[in-house]
Structures are given as structure tokens and as C-alpha cells.
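Protein chains in written order, with my numbering: chain A, 7 to 363; chain B, 7 to 363; chain C, 7 to 363; chain D, 7 to 363.
Any given hint might turn out to be false.
A pair counts as met if it fits within one copy or between any two copies, since identical chains are not told apart.
Said to hold, decoys possible - The list that follows gives simulated cross-link-like pairs (lysine to aspartate or glutamate, EDC-like), each with its CA atoms no further than 16 Å apart:
id	residue 1	residue 2
1	Lys66	Glu304
2	Lys268	Asp309
3	Lys39	Glu180
4	Lys39	Glu356
5	Lys261	Glu198
6	Lys157	Asp104
7	Lys268	Glu314
8	Lys193	Asp167
9	Lys306	Asp267
10	Lys310	Asp267
11	Lys39	Glu77
12	Lys360	Glu151
13	Lys359	Glu151
14	Lys359	Glu150
15	Lys103	Glu77
16	Lys103	Asp50
17	Lys261	Glu304
18	Lys64	Glu356
19	Lys360	Glu150
20	Lys53	Glu67
21	Lys177	Glu47
22	Lys46	Glu77
23	Lys58	Asp267
Just so you know, these hints were derived from the structure itself, not from any lab. Just so we're clear, the structure is a prediction, and the values are computed from it rather than from any experiment.
Number of protein chains: 4
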Amino acid sequence: MNSFGKALRVTTFGESHGAGIGCVIDGLPANLKVDYAKIKEWLDRRKPGQNKYSTSRKEKEEFEILSGVFEGFTTGTPLAIYIANSDHKSSDYGSIKDLFRPGHADATYFYKYGIRDYRGGGRSSARESVARVAAAGVASLMLEELNIVVKSGVSSVGNVDGKKYDFNHAKTSEIFSLDKSAEGAQKDKILEAKNSHDSVGGTVVISILNAPKGLGEPLYDKLDSRLAEVMMGINGAKGVEIGLGVNSSKVFGSKNNDLMDKSGFITNNAGGILGGISSGAEILVKVHFKPTPSIFHEQKTLDKYGNEVVCKLKGRHDPCIAIRGSVVAEAMAVLTIADMLLLNLGSKVEHLKKIYG
Amino acid sequence: MNSFGKALRVTTFGESHGAGIGCVIDGLPANLKVDYAKIKEWLDRRKPGQNKYSTSRKEKEEFEILSGVFEGFTTGTPLAIYIANSDHKSSDYGSIKDLFRPGHADATYFYKYGIRDYRGGGRSSARESVARVAAAGVASLMLEELNIVVKSGVSSVGNVDGKKYDFNHAKTSEIFSLDKSAEGAQKDKILEAKNSHDSVGGTVVISILNAPKGLGEPLYDKLDSRLAEVMMGINGAKGVEIGLGVNSSKVFGSKNNDLMDKSGFITNNAGGILGGISSGAEILVKVHFKPTPSIFHEQKTLDKYGNEVVCKLKGRHDPCIAIRGSVVAEAMAVLTIADMLLLNLGSKVEHLKKIYG
Amino acid sequence: MNSFGKALRVTTFGESHGAGIGCVIDGLPANLKVDYAKIKEWLDRRKPGQNKYSTSRKEKEEFEILSGVFEGFTTGTPLAIYIANSDHKSSDYGSIKDLFRPGHADATYFYKYGIRDYRGGGRSSARESVARVAAAGVASLMLEELNIVVKSGVSSVGNVDGKKYDFNHAKTSEIFSLDKSAEGAQKDKILEAKNSHDSVGGTVVISILNAPKGLGEPLYDKLDSRLAEVMMGINGAKGVEIGLGVNSSKVFGSKNNDLMDKSGFITNNAGGILGGISSGAEILVKVHFKPTPSIFHEQKTLDKYGNEVVCKLKGRHDPCIAIRGSVVAEAMAVLTIADMLLLNLGSKVEHLKKIYG
Amino acid sequence: MNSFGKALRVTTFGESHGAGIGCVIDGLPANLKVDYAKIKEWLDRRKPGQNKYSTSRKEKEEFEILSGVFEGFTTGTPLAIYIANSDHKSSDYGSIKDLFRPGHADATYFYKYGIRDYRGGGRSSARESVARVAAAGVASLMLEELNIVVKSGVSSVGNVDGKKYDFNHAKTSEIFSLDKSAEGAQKDKILEAKNSHDSVGGTVVISILNAPKGLGEPLYDKLDSRLAEVMMGINGAKGVEIGLGVNSSKVFGSKNNDLMDKSGFITNNAGGILGGISSGAEILVKVHFKPTPSIFHEQKTLDKYGNEVVCKLKGRHDPCIAIRGSVVAEAMAVLTIADMLLLNLGSKVEHLKKIYG
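Bound conformation, chain A alone:
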């Protein structure tokens, strides 16, 4: 369905070329000071059309808070945010209304529902992520009260891997690159894809610092399980790793185990999560994105009547969805941690006594 989170529950609605996109955030604690500039900042980071590595499509991303705030503070009631759509070019889509664009959800939405809004992918469009990012802008206020810090960046573009995770550099990089020394080659890779009317994949890293020990609700709301869920649910995500991730499957236990001394964990192969519960160490998540499916080559496909046809797309698309995907992944991390903070409140009877005693 169209909601996620258990104690902090976000419901989103809207299609790419419909009236707008929105979300309802439910379960927010009362008395959080709502910082509109901060929410705008989140939306701006995700916004398309900011440089030549992104789509040239513009979105204004003016948001409106419809409910849940009174005199500048959250009231404990659902906070709804709405972002009206703009810069529509629905006419771009007329030619593809009956065919299934390769790599897109066109075929599967048609199979499932027997009807689909073909304009810009409708509900399956990455445009919907604006609602997730807006919600994270609100939820991040809660994390800030507890000094929890979530950061993101791009570690690789196509086969160009960075060597380090410099989240400060990522903030200033046009492609959110985590490694200044790889950034140039990564940019070149994006332009190579763009100039050949193609697209390219990429990988994103999320870091969460200062999360309290004890977040995660085993066995079926483990923190890593829930992070994997939300990350794999981002458009284009095809792989998720926690800590050493895939590489942990290649090594011996004596190399993988994180030993401890008085200062805490000596290594962090676990990526900050053991048994599905945060350990206090940095939480590290990696998300792998496929290349944008919208490319401008001629591609064989079917139409909805089962005929073989050639798909030749027009329009404007990001050559590498991982770039803006990093902001969405960061948003999902923020929302997941916020949910887990609330879910963990009942872990011990001592907590209840503190609140009610």
C-alpha cells in the first residue's frame, strides 16, 4: 500500500502529471518547532534542473503544509504537505501511451490494474519521491532534537568507484560525490552517458551517526531489515548492503567480527547493527541504483495489445538517477530512524515509569 513506518507513518499520494504530490505524516510528537526553511532545503537538494548532470526539467517544489502545525509547532495531529505539480509536458507522452517503455513499470502496472496513467509514469514516477523528501524534512526536526545526524553521498557512478566517504565534500559536489579525487571521472561518465543518449547506474552511501543504542524491533522490524525495505523501495534501487555488505560473504569470521574495547567497537564491519538493533557505532547503508530506464535509443518492446513495436523516447531525464536518489535514500533513512525512535520507547518498563511515574 502507500504508507510506510509503524509509529511514525507516512502516506503519500499523487502522480507525475496529476494535480500534485503530497504526504500525510502521522505519529509525529507534539511540540516540535517546524522549520520551513529546513524543509525547503531538503526539497532543493532533490530538485531537478540544477546543473548539466541532472535533467533539465524544472520543478518549482513550492510546498504547503495543510495541517498539523499550530503557531509554528507540531500538535500531534497528522501533518499533511502538498506540492502542486508544474512544468507539465504531458504531450511528450502521447506517443508512448499504449506501449511499455523498457525498464519502466508500464507493463507491470498494466498487468496489475488493467489501467495506467501513462503520463510521465503516473504513480510509478520518481517524481513521487518529493513527498518522501518533504516528510523527511519534517522528521529530521525530531532527529535534530536528539543530535542524530544522517548524511548521504554518491560513492560510484557506473564503474567509477570513489575510494573514500567524505560526506562534507558530497555536500558541495554537483553530483554529491563522496570522493573529490574520483568526482571528475564520475562527472565524465555521466556526460558520456548523456551525450550518447544513454544513462548510467550509480551507488549511494548513507551514514547515520549518534543514533541511540537499542533501535530496531527484532525479529521482524529489525533496523537493517527495515532499512533494506525502504531503500529497495526507492525507484531504481537493485541492491542494498549494510556495513561490509556483499564483501562480508567473501571473508572469514575472524576478519569480519568487530571486536570491542573500552572505546567501543574497534572495527565496524557490521555497519552499526547487530541482531537488527543499533549498537551505537556508525550505521552504514549502501544502495545500488540501476541506470535511468529512459534512454533515447530505439528499443524493441510490446504495446498493450501484444504487438511488437519500437520505443523511441523523447523528453528530459536524469542520466544517472543515483545522484538525486542519494537525497531520497537519505530521506528514507531519516524516516526509518524516526520511526524506530518511537517504536523503541516501550522497550523497558523503566521507560514507562519515567513517563507515567
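Keeping the supplied structure of chain A fixed, place chains B, C and D upon it in accordance with the hints.
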């Protein structure tokens, strides 16, 4: 919490060295013929102590169905299964009751709850997966009615990668290896780990054939998102991939997109899922497991009072959890598909008319 | 939280004097033809200011569908509806911003959240029910496809009881009275309350015809249990009965049991539900509403600092909330039945074979 | 489905004449001292066969805790309780296996599932309530830590109404009567029913004292809404009232509103709940039970083939289910309050700072 699934909901309970492990399966359609031998077969595949590549610990895995079946058929009421524990050696754990075993959930359970059942890891033990496998044994009856086939196998052990996915070979392999030509080296790798009192990681592949088109409930119960969730929730899982997975992040869109002709998808980089909905192509999931954290080296750690101590484990453990993990991953795939089959029933008004009209 | 329903899930947001009220309807089957006039009709029935038995406050109740509809049909994606607020007189509320109006939620919202939007009761206002009614306008399209009919009316006002349930009469009655012969006295009772600056309680009856046998998910989503939940959740509801209700507690079993012959149930004391599952007989629910808490007498109360103060309300209020409450109760019945229709789809393996076979 | 509660989630399983009945309690805070005697006391209060006003059927009600407790304390993991069935007389049911007993769920289970366990009503039997009561025995430990007191009693039997709510008297009364002066006539009414092979309805009152202000999660998990849900979900319940209940629909607002002075609410017509949130006043719930449907008269009914037949029951049944129903209602109140205590923990950002700060 301790339930997963939305329309088919499984709740598990029990600890490694408590009275037993059980599950309650809720939402099963009525009138499924319950095949006890099939459930036993599932449990037997997961059972430890079957060869030298596994732990020597024996478990009888006698299961009892406590409810939900009448005269051999499901009744639509919750089906509870209970497996009493046996072969306890709680005394093995006395020496570690106050310390945090590296790579285990000991520290985090203590942080979260302030109390932990240290015997065999308590609730965090891989022993709990017996309940998941039993539940899958029941849910698989539903998939069989619809000719959906789920298979699993081990694609790599440590750095020994197989080259192909031969699920038939996996069935007869002691280590569920997917590639006969790699199996010998994979076995050697396990014994190398075992003989050096160490452990080794591994990777598992799941294949789902004949799943109807249209499974998955976007945007927040996408099929891939939910598969990632349940797979990352298995003990020791650190990475999940769908289709081309991590490698899709390294290529161009023109290589990654799956074109179509009358016979269907020409390639299957997507792994059978587009926009979070099954496309009719084979669903392919890869799960990466870390090495068993229980190794028999001396390891630096802390005790619960914060003192630096040395952990020296005794006991019996799988040298490579990916082996038996493949059965658990297959079980989670079965349960996820069963849930999605039920959730999708309401996708079109035509379905309602077929049932109620 | 602010959602209800399991397979058909409605989330509402908005406050009385905020920007507007809205809902997100999730889980709607695709391919329902959306009838805007029908939705408007629902909103109009609930609308205040239509005659002297209701508040004189006007609301335009212009609704906008923000998502989930394409070319006139539902698409299976979330359908959001938004109704902007109008006719605000927030200034009416300045005098009560620090005190707890008797019978209202002012005190409890303050206790719970430490902050409250005092304008018109904020989130606790009956104004929110416009979202429920709009959602029911959409969900009723689904019931119509299956010929299920839900009706409502007012059976008593204060101590003036009607003797019969004439749902056709209720449609044309200004106070939705179910009994033409009692209607005059009921109207007089309302005017008596209004003219003495007071208010009066009332009782509503809901009838559901043609619901398929088998709706309701025992043991904890029983149809009667869920109806009781949603009815008691309407502002001002203090009692809910199914079938013979309270009176069934006063009689012998030989009087209460409904016997059967070939034509079905001979009596219907059960109100169409046995064991939490619909039996095919008419489903009958009764909801008792307290008098509007907003009256214009001087009343002793506390302010939020704990001081004893006198509350003297101004403003415009329904003298009997049961009248418009009947439309809200009907809406909740529609939404509950729609949810149950979807939840029941998986009750038998035969259903799955019909859809997927 | 077969679970209830959101933060404290109870899942039950089992049928009247199956192996046994059980529950899994999930979300319990860690570190509650588990008092086995207290749980036994709860089961004993509900136990049949204790005097001539109850069924003569005996149940041993030996319970076993299968998980979730370590060294006498809860660990935060799911606590499963199992009660094996005993004193079966399945042979009693052979004669009714194909017919629908009037007032029972036989017909509706057959309609819904196409199969039913006819022995003692299977899953629809009141026997299942033993799991609810056991769960309440555990959850009540949490309420005791916070000095919250839940009490129950029988206010009327058939048309014999008591005049007062003396919960202390109810504890010692064989029929849990709330009014010593009515008790004799109430007992006579039960025996009158019993001796005429009939049954009789009755009404139960629940009182909750010392619940913290602020419990209840509006708008769709209001405390009164959730209480109505769980009470109407008890076998045989046909009406639920909060506070003044049905009578509040008969009066003017000036009589119904509860004014306040420094000592708190001067009256308590609201029954301790305003806007779905606890106000600090005594929470009062009334539940109306129909007469036991199992009576020993000849009754016209259908068999599952649609033939008209005569039902003539044998066996042992409570002449008045409200008596033991009062213990079940008390149990559901305890579980609901426990759930609400956990859900409310995140209501204010101040709470998060207290726990994590």
C-alpha cells in the same frame, strides 16, 4: 515486532534454549489440504547435524500443529505450529553469560532491553528460523495450488564463486551448491574455515517461477522492497540484490534495460520485477551472508559491566551459515509470495465481481 | 492514529480552522468509474446550514480529487480528496483559547499533547467528518457494483422515540427522521433545545442490505467489532448496538435466537451478524449520540493553568449532532463494508484459483 | 485476523476441541516480574464449573509459558502461553455436525470458509477467551507497576437490574453481581433459565481507575473506539456503552456536560473519555450480552445442504454468558489500556528527550 506479512501474517515466538519455538500463521485460505510430510521435508532440509559441513548439533525438529486444521484441511483459522526444543547444552553458555560475543546480538539486546537470555543467543538465535521454515512448509501448499515454484541454492562460499545456477544440482548437494564444478572448492573452503576454528561467508540465490504477473503493492509494499526486507531480516544477511543487482549500478541503461518481443522479456536484468510489481519473468534474489560470528579464536570484547575481557567460545556451530540460510531464504520467499497473492486479490474491480457477482 | 481500515485504508488530516480537510483512500480496486456528482451528493447531505434544525454555519464543501483517478476511473493508486476550509470565524474562539469547554476534547488534547489548536476544536472538531463522508462517496461506488445498499436515519431525538425504521422517509426528512409520525415531536425537541440555548442527544440507525454472506474476519476483525469501533469513534457517540442490542441482554435465549427455514432467518435479533460474520440478513446498527457539548449557558470549568473559570460560549452549533451524525455513521458503515469485501477475498483457496487459475 | 492491539499485540490461536488454546503477546516491555500465581488467578476467575450458575463442564486451565521470560522477568521478546484442552466430549457434537445451531456462528463460518470445525463451535467457541484472559494476566503486571486498577462486575441479569456498582461485592459474588441487594433475584433468574432448559442475557460493567490522562490516539484509535471494538468482539456482546451511554442520547446538553472545578470533573457522564482521550476520571464501560445461544429446546433450523431440520442440543453450557463474560471484558480492558500506555509514549517530544536525552 515478531510478525511479518500483511494478508498472510506469521507471528513467531521462542528462544534457542527455552521450551520451544513456534509460529502462528494467520490469513491462510480455507480448504488447503495440509501435507504433513511436506512440512517435515522443509524442516529436514534446514535441520542441522546432517553432514560435516554443518554443525554437529542435533535437533529432532518434531513439529506439532496445534490449531487451524480440521480433518486434514485448513479452516481459515490461525494455524499454530510448535517445535519443542531438544539437545540443550545450556551449560555451554555459562561462561559467556556476562560478556558480549563479537558479531552477535549480545551487546545490542542488552542495550535495548537491559536483560537478555544468554543461552544460545536466546531470541536472536538462528534456531528461531525453524518457525519460518515450518510456516513456509504450510504456505507452500498455497503456491503449489497455483503452480508457483520457489527454489534456492548457494552460489558462492567465501571467495569461491560458482558460475551457474543449477537448482536441480543444489537439491542433491550437501552444501546446496548451485554449481557442480565449484562445489568441491566450496566444500574445501568450508572445511578450511572449520579446521582453523573459523567460519566463512557465502551467498544464496532464490528463484521464483510462474508467479502471476501483478504481484506487489506499490509504492510501499513493492515486491522487491518486501523481499529485501525479509531477506535482510534473516540472521547474518548483510546484502540483498534483485536481478542484476549491484552490477546494474555499473552499466549503461542500454545494457541494463530488458527489451521485449512476443515471447516476453528478451533479457531479465530486472529479476522479474518492474516498479515493484512482478512482470511474469523469473524472480531472482541474491542474499549475502556474513560468516558465522561464533568462532573459536580468542577475541577481545567487553562484558556487560564495561570491562575488557577475552571471549573464548565453546560449543557447536555451522562454519558457514549461508548453507542452511538458503533454506530460510527460500522460506521467506515463499511466505512473501503467498502474502502478495492475497494482497493482490483486490487490485481490480473485476476480481470482486468474479468472487461476489 | 489517523487511518482506519485494513485493505481499504483511509487516512484523514486537517483541522477545523486550518487550511482544509482531506483524506487519502488507499487500496481501492482499479477501474471503478468515479462519479463526482455522487460524491457531491454525500457531502451535501452532511453539509451544515441547510435548515433551522442545523447550525447556521455555512460550508461550501467544494472538493477536489488530487490523485488516483485517470480518465474518469480509479487506477489502484491512492485517491486523495481535499476540501479547503471556508467561513472561518476564528475570532469566535479567542475567548476560549485557554479554557477547557465542558464536554469537549479541549482538556484531554492539552493533557496529551501539551499544545492544542483551540480554533473550533482543531483536529477534534466534527468538521473532520467531511473527509470520512467524501471517502464514503468514493467507496460507495464499489458497493454499488455489488448491489449492496447502506441506509441511515434518526430513530430518536432526546426522549422522543420513533416506532419504525422508514429509510425512504428519512431521505426526505429535514432531520432524517425514520418515522414520519414522530418527526414533528422530534423537530420540536430540537427547537426546544435550540431556543433554550441548549442541545439534545439522539439515536441513529444504519441498515445494510445485500452484503454478501461471509464478511468479517474473526476473531479480531469481526464485522460487529469493527462496526462498533468505527461508530464509537464518531464525535459524540456514546453507545453502539447490533441487532436487538441492549435489549438482547434482558431476554431469554428462546426469544433471542433466530430460527431458520428455507427462506432464511425467520427473525433477525442478531442484526445480520453471527460470530462476527455476516449471515446474509439485514445488518442493523444503532448509534447513540450525546447532546452537542457546545451550549450557551454559563458553565463552570478550568483553564489550562488550573484556575476555576466560567465558560460562556458564542458561535454557531448544531443543537442535535445526531442529525448530521447519521450521515457520518452511514459513511463509516460504507467504508467498513468495503474494507471487509476486500479482506474476505482470500477466505477460500477456491477464490485464488478463480483469480489466478 | 487473529491479533489485536498495536503496540502491545496479542495473537490467539486454537479451537474448542483441538489440541489447545494459546496466545502470543508481543510488545511487552522488558523487565516485568512475571507473577504466575496472578495469571492463574485470572484463569481461575474465568474457569467454568465452579458453581450451579455456570456450566458443569470442567477445564483444568493449566497454562504453560513457552517463551519470553528469563529468570522470572520479561525479556522484551514475545511471550507465548499455551493451555492444553481437556474434558473433551466431542461425541456430544456428532449430531449437530451438519446443521446450523440457532444463534451460533455455524452458518456463517460455513458460508465464509466452506468448511468448519463443528466440535464445540471450533474457533468460534467462547473457550478461546481463555487466551485473552491469560494475556491480560500478563499485561496486568504492567498496569500494576503504574497503579492502574481495572475492575468488573455484573450489573443486570435478564430484566433484573442492580442499582449500584459495588466492585468489592462483585469479587465475592458467585455471579460477580455488583449489587448485593439484587443478587438474589439475579441468581433466581439464572436458575429459572437453567431449569427451563433456556438461557438469559446480562450486562457487565468495567471500571478503570488511575489511568493516566492522555491515553487514546485520535482520530482512529480513540480510547472509546478501541474499547467498543474489543468489547463488541467478545462472544455474545451486542451492545457497548461509554459513561452515560445510551441515556446520553435522551438528555439535554446542560444535563450531560461534565463541569469542572479544582477537584476535577464534578460529574462523569463522559465515562472518563473526551475526544477519545482519557481525562483522568474513572473510565466506565458497559457491555450487554445476549443469552447463551445453546439452549435445550427444539429449534427450527437448516442443515448445510439447505434442508429444514430440528436442532435439539445436548451438552453443558452456561445459562448466562455475561457472568464469565465479565472476566473476559475485564481482560480486554486491561489489554487495551496496556496498548494505549505504549502508544502514548511518543505523544510529546519531551518524552523522547526524557528517554534518549
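A quick look at each hint next to the structure:
1. Lys66 x Glu304: neither (32 Å within a copy, 52 Å between copies)
2. Lys268 x Asp309: Answer is between: at 10 Å across copies they meet the 16 Å cutoff, but 63 Å inside does not.
3. Lys39 x Glu180: neither (30 Å within a copy, 46 Å between copies)
4. Lys39 x Glu356: between (28 Å within a copy, 12 Å between copies)
5. Lys261 x Glu198: between (39 Å within a copy, 14 Å between copies)
6. Lys157 x Asp104: Answer is neither; intra-copy 41 Å and inter-copy 35 Å both fail.
7. Lys268 x Glu314: between (65 Å within a copy, 6 Å between copies)
8. Lys193 x Asp167: Classified as within: same-chain Cα gap 12 Å, cross-chain 33 Å, threshold 16 Å.
9. Lys306 x Asp267: between (59 Å within a copy, 7 Å between copies)
10. Lys310 x Asp267: between (62 Å within a copy, 12 Å between copies)
11. Lys39 x Glu77: within (9 Å within a copy, 41 Å between copies)
12. Lys360 x Glu151: Classified as between: cross-chain Cα gap 12 Å, same-chain 19 Å, threshold 16 Å.
13. Lys359 x Glu151: between (22 Å within a copy, 8 Å between copies)
14. Lys359 x Glu150: For Lys359 and Glu150, only the inter-copy Cα distance (11 Å) is at most 16 Å; the intra-copy one is 25 Å.
15. Lys103 x Glu77: So Lys103 and Glu77 pass the 16 Å test across copies only (13 Å; inside, 46 Å).
16. Lys103 x Asp50: Cα proximity of Lys103 and Asp50: none, with 31 Å in one copy and 37 Å across.
17. Lys261 x Glu304: between (48 Å within a copy, 13 Å between copies)
18. Lys64 x Glu356: neither (51 Å within a copy, 39 Å between copies)
19. Lys360 x Glu150: Result: close only across copies, 15 Å inter versus 22 Å intra.
20. Lys53 x Glu67: within (7 Å within a copy, 34 Å between copies)
21. Lys177 x Glu47: Classified as within; 12 Å inside a copy, 52 Å across copies.
22. Lys46 x Glu77: neither (19 Å within a copy, 33 Å between copies)
23. Lys58 x Asp267: neither (48 Å within a copy, 35 Å between copies)
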